[in-house]
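Residue numbers (our numbering), protein chains in the order written: chain C, 1 to 306; chain X, 1 to 501; chain U, 1 to 330.
Honestly, the hints are just simulated from the structure, not real lab data. Where is the CB? At the ideal position from N, CA and C, for every residue including glycine. Among the hints, a few may not be true.
Claimed, not checked - Where chain C lies over chain X, by a calculated footprint (3+ residues, C-beta under 8 Å):
#, region
1, 183 to 197
2, 201 to 214
Stated by the list, open to error - Straight-line Cα separation of at most 27 Å, DSSO-like style, residue types lysine-lysine; simulated pairs:
#, chain 1, residue 1, chain 2, residue 2
3, C, 62, X, 284
4, C, 62, C, 76
5, C, 76, X, 246
6, X, 220, U, 182
7, U, 98, X, 457
8, U, 277, X, 246
9, X, 457, C, 62
10, C, 62, X, 279
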Amino acid sequence: MGARMMKPGKRSSAAFGLSPGERALGAVNVFLLTIIGLMMVLPFLNTVAKSFSSNNAITTGKVIFTPVDFQLGTYKYVTGQSQFWDSLRVSVLITLLGTAGAMTISCLTAYPLSKTWLYGRKPVILFFVFTMLFSGGMVPNYLLMRSLGLINTLWVLFVPGMLSVYNVILLKNFFEDIPEAIEESAQLDGAGNIRTLISIVLPMSLPALATIGLFYAVGYWDNYMTGLLYITKPDMRPLQTYLYVIVTEAVNVDETLSMDALENIALNTEAIRAATIVLACVPIMCVYPFLQKYFVKGMRVGSVKG
Amino acid sequence: MLKRLVSLLLALALGAGMMAAFAEEGKTIRMLVGTQSFDMNTNYVGVLLEEITGYKVQYDYYADDNQLAMEIASGTDYDLISVSPNMYQTLLAQGALKNLNAAIEAYPAVRDAIYPLGWTYCTAADGGIYGVPNVDDAVYVGGIGYRTDIFEAHGYQEPATVQEFYDLLVAIKKDTGLIPLTGRNAVEAVIASGFGLSYDFVVDPESDRIVSWLRDPGMKEYLAWMNKVYTEGLIDVDWPVNANDKINEKISSNQAVMTFAAHWHTLNWVNALVESGHKEAYFKTIVPLEDAQGKRHIAVSNGISRVFVVPVTASDEDAVYTMGMIASRLEPENYWTFNDGIEGTHYTKGEDGIPVPILPQFNDDMNQGSQYQIGRNQYEHPITWMARVHKTQVQWDTFYDANSKAAAFGFEGRPLTFARFPEYTEYYAALGTLCSDYFMQVIAGTETLDSYDDFVKEWESAGGLALEEAATAWYHENPELVNAARESTSPYNAIFGYDIK
Amino acid sequence: MTQRQLQGRAELSRKTLDSIRESGRRSQRARLRRSYSMYALLLPGILFVLLFSYTPMYGLVIGFKKYNIFAGANPFDAISHSPWVGLDNWTALWRQSKFRQAVTNTFVISALKVMFCFPVGIILAVMINEVRNNVMRRGLQTVMYLPHFLSWVVVGALFMNIMGTTGLVNQAIIALGGEPQKFFMDNRWFRFLLLLTSSWKESGWNTIVYLAAMAGIDPQLYEAARIDRANRLQLIWHVTLPGIASTIVMMLILRLGGIMDAGFSQILVMYNPTVYKSGDIIGTFVYREGLGKLNWSQGTMVGFFNSLINMVLILGGNMLSRRLTQRSIW
Numbered sequence: 001m002g003a004r005m006m007k008p009g010k011r012s013s014a015a016f017g018l019s020p021g022e023r024a025l026g027a028v029n030v031f032l033l034t035i036i037g038l039m040m041v042l043p044f045l046n047t048v049a050k051s052f053s054s055n056n057a058i059t060t061g062k063v064i065f066t067p068v069d070f071q072l073g074t075y076k077y078v079t080g081q082s083q084f085w086d087s088l089r090v091s092v093l094i095t096l097l098g099t100a101g102a103m104t105i106s107c108l109t110a111y112p113l114s115k116t117w118l119y120g121r122k123p124v125i126l127f128f129v130f131t132m133l134f135s136g137g138m139v140p141n142y143l144l145m146r147s148l149g150l151i152n153t154l155w156v157l158f159v160p161g162m163l164s165v166y167n168v169i170l171l172k173n174f175f176e177d178i179p180e181a182i183e184e185s186a187q188l189d190g191a192g193n194i195r196t197l198i199s200i201v202l203p204m205s206l207p208a209l210a211t212i213g214l215f216y217a218v219g220y221w222d223n224y225m226t227g228l229l230y231i232t233k234p235d236m237r238p239l240q241t242y243l244y245v246i247v248t249e250a251v252n253v254d255e256t257l258s259m260d261a262l263e264n265i266a267l268n269t270e271a272i273r274a275a276t277i278v279l280a281c282v283p284i285m286c287v288y289p290f291l292q293k294y295f296v297k298g299m300r301v302g303s304v305k306g
Numbered sequence: 001m002l003k004r005l006v007s008l009l010l011a012l013a014l015g016a017g018m019m020a021a022f023a024e025e026g027k028t029i030r031m032l033v034g035t036q037s038f039d040m041n042t043n044y045v046g047v048l049l050e051e052i053t054g055y056k057v058q059y060d061y062y063a064d065d066n067q068l069a070m071e072i073a074s075g076t077d078y079d080l081i082s083v084s085p086n087m088y089q090t091l092l093a094q095g096a097l098k099n100l101n102a103a104i105e106a107y108p109a110v111r112d113a114i115y116p117l118g119w120t121y122c123t124a125a126d127g128g129i130y131g132v133p134n135v136d137d138a139v140y141v142g143g144i145g146y147r148t149d150i151f152e153a154h155g156y157q158e159p160a161t162v163q164e165f166y167d168l169l170v171a172i173k174k175d176t177g178l179i180p181l182t183g184r185n186a187v188e189a190v191i192a193s194g195f196g197l198s199y200d201f202v203v204d205p206e207s208d209r210i211v212s213w214l215r216d217p218g219m220k221e222y223l224a225w226m227n228k229v230y231t232e233g234l235i236d237v238d239w240p241v242n243a244n245d246k247i248n249e250k251i252s253s254n255q256a257v258m259t260f261a262a263h264w265h266t267l268n269w270v271n272a273l274v275e276s277g278h279k280e281a282y283f284k285t286i287v288p289l290e291d292a293q294g295k296r297h298i299a300v301s302n303g304i305s306r307v308f309v310v311p312v313t314a315s316d317e318d319a320v321y322t323m324g325m326i327a328s329r330l331e332p333e334n335y336w337t338f339n340d341g342i343e344g345t346h347y348t349k350g351e352d353g354i355p356v357p358i359l360p361q362f363n364d365d366m367n368q369g370s371q372y373q374i375g376r377n378q379y380e381h382p383i384t385w386m387a388r389v390h391k392t393q394v395q396w397d398t399f400y401d402a403n404s405k406a407a408a409f410g411f412e413g414r415p416l417t418f419a420r421f422p423e424y425t426e427y428y429a430a431l432g433t434l435c436s437d438y439f440m441q442v443i444a445g446t447e448t449l450d451s452y453d454d455f456v457k458e459w460e461s462a463g464g465l466a467l468e469e470a471a472t473a474w475y476h477e478n479p480e481l482v483n484a485a486r487e488s489t490s491p492y493n494a495i496f497g498y499d500i501k
Numbered sequence: 001m002t003q004r005q006l007q008g009r010a011e012l013s014r015k016t017l018d019s020i021r022e023s024g025r026r027s028q029r030a031r032l033r034r035s036y037s038m039y040a041l042l043l044p045g046i047l048f049v050l051l052f053s054y055t056p057m058y059g060l061v062i063g064f065k066k067y068n069i070f071a072g073a074n075p076f077d078a079i080s081h082s083p084w085v086g087l088d089n090w091t092a093l094w095r096q097s098k099f100r101q102a103v104t105n106t107f108v109i110s111a112l113k114v115m116f117c118f119p120v121g122i123i124l125a126v127m128i129n130e131v132r133n134n135v136m137r138r139g140l141q142t143v144m145y146l147p148h149f150l151s152w153v154v155v156g157a158l159f160m161n162i163m164g165t166t167g168l169v170n171q172a173i174i175a176l177g178g179e180p181q182k183f184f185m186d187n188r189w190f191r192f193l194l195l196l197t198s199s200w201k202e203s204g205w206n207t208i209v210y211l212a213a214m215a216g217i218d219p220q221l222y223e224a225a226r227i228d229r230a231n232r233l234q235l236i237w238h239v240t241l242p243g244i245a246s247t248i249v250m251m252l253i254l255r256l257g258g259i260m261d262a263g264f265s266q267i268l269v270m271y272n273p274t275v276y277k278s279g280d281i282i283g284t285f286v287y288r289e290g291l292g293k294l295n296w297s298q299g300t301m302v303g304f305f306n307s308l309i310n311m312v313l314i315l316g317g318n319m320l321s322r323r324l325t326q327r328s329i330w
C-alpha cells in the first residue's frame with residue numbers, strides 16, 4: 001500500500017531534489033496556467049454576475065465580474081414554476097439511472113474488446129464503430145421509439161443513450177493498458193470473466209471509470225434534444241429541455257416581433273440565459289470534486305502493489 | 001352521408017345552453033401545441049379557463065414541424081392541434097385534416113367571431129373548412145425610434161425624405177460623435193420606403209403580376225445608399241453582426257441615437273438612460289420615408305399566425321365537442337376573462353373602454369393569457385390586446401406615437417398574407433434568407449452591386465422564378481384574397497379615431 | 001540508441017513480454033473457450049446497438065428518395081410509397097457553387113482544428129500534470145472545465161464583446177498604434193477566430209482523458225528515469241508522452257471520424273453573411289437551404305455523404321496509425 005499513500009506531488013521532489021532551473025520552469029508553468037485559468041474563469045464569473053444583475057445594469061453593459069443592482073428575480077422567474085422542480089427531478093433521475101446503466105453496459109462491452117486475443121475482435125469493433133458514423137436519421141428513430149412504446153416515458157430519456165461507442169472505445173483503450181499478467185493470476189485462481197472484471201480490472205481503472213462516468217453524466221445532464229423530440233408532457237421534460245425552451249422563447253420575443261409573446265417580462269434575456277447556465281452547471285460542479293481524487297497520479301499501480 | 005346527418009343532429013341537440021352540462025361529463029380534450037416554457041395545464045389562465053367554460057383541456061407540446069409531421073403521419077389521437085399556416089397547407093394537401101363544416105354549423109358563433117378573410121384562407125378547394133384561424137390584426141409595429149432629448153438639444157426635425165435622413169445622420173455624427181443609427185436588418189423598412197420598397201413580393205401595377213422586390217430598380221438604389229452610409233461610418237459598423245442585446249446595449253448606454261423601436265423596447269431603454277443621468281431621455285418614432293413620388297410605404301404585420309386543426313382520424317362527435325370548447329373561448333365575456341383577467345383584479349377599464357392592467361397582478365397571472373387563444377374574436381381582440389401595450393406610459397406612448405403617425409399615411413397590406421400554394425411553402429423562407437444575406441454583403445462591401453444581376457439569376461434558379469410564377473397564377477385565381485390583404489385596415493384606427501386614406 | 005528510444009523500448013518491451021509470455025502459456029483451445037465466454041459479456045452491447053442503431057438504418061434509403069412522410073399509411077409505409085430519385089438530392093446541392101465552397105470550407109476548417117486545436121488539450125494536460133501543489137492543481141482543473149458548460153450562444157456573445165470592433169483587443173491595437181480589425185467581418189480573420197474560440201471552450205474539457213491516462217502511468221518509470229538524471233522536460237518527453245501516446249493516437253483517430261462536423265453550432269452563432277466565403281460549412285448551408293421545409297431526404301443525403309467521408313478517414317487513420325506507430329483502435 002506504500003506507493004498508494006505517497007502523495008504524487010511529493011514523490012519525485014522528495015526522492016530527487018529539483019534543480020533551480022527546474023524550479024523556475026515549474027514557476028513559469030504555474031504562472032502560465034494561472035493566466036489561462038483566469039481567461040477561462042473570468043467569462044464564467046461574468047455570466048454568474050449577469051444572472052444576479054438588474055436589467056438596466058446588463059443592457060448598459062455595466063456588469064463585469066460582480067453583480068450590479070443585485071437581484072434574484074431572474075432565478076425566481078426560472079425556478080418559480082412547478083415546471084422547474086418537476087424537470088429537476090426528471091433530470092436527476094435519468095442522470096443517475098442512465099449513468100449507472102451506461103457504465104454497466106459499457107464496461108461489459110469494453111472489457112472483451114480490450115482483449116487482443118479475442119476471436120473476431122476486429123469485426124466486432126468495426127460493428128460498433130460503424131454505428132458511430134452512420135445513423136438512420138430522425139424519422140426511423142422516432143418510429144422505433146414509438147413502436148417500443150417509449151414515447152412520453154422516462155425510459156426514452158436514458159435507455160437509448162446507454163451505449164456511447166465513443167466512450168466504449170476510450171474505456172477499451174484504458175483496459176488495454178492493464179497488464180494481462182495480473183488478470184492471469186486471478187484466472188488461475190478460478191475466477192470467471194465477470195469476477196475478474198469486477199475484482200481486478202475495474203478497481204485498477206478508477207481514473208478511467210471516473211472519466212467515462214463524468215462523460216456519461218454530463219451527456220445525460222446536458223441533453224435537451226431527446227426531451228424535445230420524445231416528450232410532449234410539460235411536466236415530464238428534463239431540466240435542460242425546459243431551460244432550452246425558456247431561452248429560445250426569451251430570444252424569440254424580439255426575433256419574431258411577436259406582440260403577444262412575453263413582451264414585458266421585466267427581465268433581461270441575457271440574464272435568463274446566464275441563470276440557466278449557472279443552474280445547469282451547479283450539479284456537475286458539486287459532483288466533480290468527488291471524482292477529482294481519482295485523477296491522482298499513480299493511483300492504479302499503487303493499488304496493484306497493495 | 002349518414003355520419004354527417006348524425007353529427008348534424010347531435011350538433012343541433014347541443015344548444016349553447018347545454019354546453020356546460022355536456023362538459024360536466026368529464027371528457028378531456030387533448031390538445032397539441034407548440035412548446036412553451038410554462039405548463040399550460042397548471043398555469044393560472046389554464047385553471048381559470050376550465051372554471052369559467054367547464055371544458056377540460058389537456059395540453060401537450062411538440063417541438064417543431066418535423067416532429068409534428070411524424071406524429072400526425074403516425075396516426076395521432078389528439079383532438080386539436082395548433083399548427084403554423086405553412087404546416088396547415090401541407091397537412092391539408094395530404095388529406096390529414098378533418099372537415100370542420102358540420103362542427104362549425106353546430107356552433108355558428110365561432111364563424112361569426114372570426115374575420116371572414118381568415119375563413120377564406122382556411123377553406124379548401126372542396127369548400128370544406130379545415131381549420132380555425134388566428135388572424136393577426138393589421139397593426140404598425142414600429143419604425144425607427146429616436147432620442148427626443150438629443151433631437152431637441154440640437155434642433156433636429158423628423159426627416160421625411162431620404163436626403164433629409166442622410167443629412168440627419170451626418171449632423172448627428174458631427175454634433176454628438178455618437179453612432180447615428182444602429183440596427184441589424186438588411187432591409188430597414190423606414191429607409192427602404194424612401195426607395196419605393198415595401199414588401200418582398202408586391203403586385204406590379206403595370207403587368208398585374210406578383211413580382212419580387214429584386215425587380216424594382218429601387219432595390220439597387222437602396223443597397224447603394226446603405227453601402228454608402230455604411231462606408232462613411234454613418235451607421236453602426238457592426239450592422240452585419242449585431243444581435244438584439246448589442247443593439248439594446250448601444251441604445252441604453254447612450255452610444256447610439258436611433259434604431260428600430262417597438263413598444264416592448266422603449267421602456268427598458270428609457271429606464272436605463274434615465275438612471276444613468278439622461279433625465280430627459282425619451283423615444284419617438286420616424287415612420288417610413290417618402291419615395292420619389294412622395295409616397296410612404298407603411299408595412300403592417302397582419303396575417304394568419306396559427307391555425308387550429310382536427311386530425312382526420314377524429315370522430316365527428318369529438319370534433320363537435322372540440323368546437324364547443326372553441327366557441328366557449330370566443331364567447332365575449334370569456335374572451336375578456338382569459339385574455340385580460342378579472343376586472344378590478346387584473347385590469348380597470350378607462351373611459352374610452354380601453355383596459356389598463358393592474359400591475360403586478362396582471363403580469364403575475366395573465367402574462368400567458370394570449371397563449372390560450374383558439375381563434376381570435378375579431379370584435380374583442382383589438383381592445384383586449386390594448387392591456388398589453390398599456391402596461392406603462394412609456395410603452396403606450398411609443399405604440400401610440402408610431403401608430404398614429406403611420407395610420408395618417410395609410411397602411412399598405414402584404415399581398416402574400418394569405419398565400420396558400422405549394423411553391424410558397426417550399427421556397428419562401430429560404431429565398432428570404434438568400435436575399436437578406438446578399439443584401440448584407442453588399443451593405444458591408446464584401447460584395448459589389450456589379451454582381452446584382454448574377455445574384456438575381458441565382459435567386460431565380462433557387463426557386464424565385466417558380467415562386468413568382470405560382471404567386472401570379474394564384475393571384476389571378478384569388479384576386480379577392482390578395483386585394484383584401486392589401487386593403488386590410490387596422491381596427492386600431494377606429495380606436496384611435498383615424499381615417500384610412 | 002538515444003535515451004528516448006531506450007525509455008520507450010523499456011516500456012514497450014515490458015508489455016510485449018507480458019503478452020508473449022501469456023500467449024505462449026495458453027493453448028489455442030483455451031483462448032477459444034475464453035473468447036466464447038467473453039462474447040457472453042459482449043452480448044448486451046451487441047443487442048443494444050442492433051436495436052437502437054442498426055434497426056433505424058433502413059432510414060438511409062430516404063436520402064435516395066423524394067420522401068413524403070404522408071405518402072403511406074404511416075411514415076414507414078411512406079418510404080416505399082415515395083419515388084426513387086437516385087442521387088438527385090445530392091446533385092441539387094452540388095450544382096450550387098456556394099455549396100461546393102461550403103464543402104471546401106468544411107474540410108479546411110476541420111483540418112485546421114485538428115492541426116491547431118487538438119494539440120492544445122494535450123499541452124494543457126501536460127502542464128497541469130506538472131503542477132506539484134495539489135490544491136492549485138485541482139483548482140486549475142476545475143476552472144478549465146468551466147467553458148465547456150457555456151453554450152456557443154454565450155461564447156459567441158462573449159468574444160463579440162472582447163474582439164468586436166470596439167472590444168478590448170481592438171482598443172489595445174489602437175493604443176499600440178495599429179489598425180483596428182473587424183475580426184468577425186473579415187474573411188482573413190474569421191477562421192482564426194473559430195480556432196481560437198473552439199480551443200478556448202473545449203481544450204480544458206479535452207484534458208480529462210489525457211489526465212486520466214497520465215494517472216495510469218507507473219511512478220516507477222519516473223523514478224527510474226530520475227536515477228538516469230533525466231530532467232523535468234526529459235521526463236515529460238520520455239515518460240509522460242509515451243505513457244499517453246496510445247490515448248493520443250486513439251483520440252486523433254476518433255477525431256478523424258468526426259471531421260465532417262466543422263462546428264455547426266459554433267459557426268451558426270458566430271458567422272454572418274460577410275464571412276460566408278471563409279466560414280460557411282455544409283451544416284450551415286443545408287440549414288439555411290432547408291428553412292421552413294420538411295426536407296428529410298436532403299438532410300439524410302448530406303448526412304450519408306458526411307458519414308462516408310468520416311468512415312474513409314477513420315479507417316484510413318486507423319490503418320496509417322497501425323503502420324506508423326503500431327497502435328490502433330482495432
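#### Entry: Hints not upheld, ascending by number
1, 2, 9
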